[in-house]
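Visitor: With chain A held as given, fit chain B onto it using these hints.
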Amino acid sequence: EAGVVQSPRYKIIEKKQPVAFWCNPISGHNTLYWYLQNLGQGPELLIRYENEEAVDDSQLPKDRFSAERLKGVDSTLKIQPAELGDSAVYLCASSSDANTEAFFGQGTRLTVV
Amino acid sequence: GEDVEQSLFLSVREGDSSVINCTYTDSSSTYLYWYKQEPGAGLQLLTYIFSNMDMKQDQRLTVLLNKKDKHLSLRIADTQTGDSAIYFCAENYGNNRLAFGKGNQVVVIP
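Protein sequence lines, in the order shown, are assigned to chains A and B.
Residue 1 is where the first sequence starts when you use my numbering, and the numbers rise one by one after that.
Residue 1 is where the second sequence starts when you use my numbering, and the numbers rise one by one after that.
Incorrect hints may appear among the rest.
[Said to hold, decoys possible] With a Cα cut of at most 20 Å, we get these calculated EDC-like pairs of lysine to aspartate or glutamate: (1) B:36 x A:44; (2) B:56 x A:101; (3) B:102 x A:97; (4) B:36 x A:101.
Since the hints were derived computationally from the structure, they do not count as laboratory data.
Bound-form chain A, shown alone (with noise of 0.2 Å):
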């Protein structure tokens, strides 16, 4: 069975530029969460979704990200516009639910330039 996919698994974009983020998660899994892990920390929650509701994202800064899972399923998570402290490891994780185990995919790195 294929874990959590993200894609793109990097990206360079310039200052300012919109970027956005994807996420599969494992088949018939309902929670979804977004994590941020920058250079030498450990992964910090951005937002979690139960099905297409997002239940916490009280650290996602609204300014300038946004994310969506508009059908329970896959999920995007977008920044306009990027700034150079965007850079970073955007980590995707998904579980049953939210007492069970969460599994993670591989992140996409982001580098703004």
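Guide: Chain B only, in chain A's frame:
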């Protein structure tokens, strides 16, 4: 807020045991986890311990939990070159919201 502390770097010779330590702040955390991250890869859950346990052993891995001191450790027996990675401890502070430490890089010397 939740805060998880880890030391940063450990080198160990192949075949020796390695011990990674972590302290956490939220005494209400139900589960505590150890994740492994290899270069260019996502996070892999290695093991976890429920907060009412003191120890858990899983093959070469031993997790010790000291709830009084909010201290978690991971011991890897017979460390192998494939164990070279960054190890993160994390606490679950409800609804699978995970607070991660900064990670501990383990380098195994052949």
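Visitor: Against the earlier hints, flag every one the structure doesn't satisfy and list their numbers going up.
Guide: Number 3 - this is the single hint that the structure violates.
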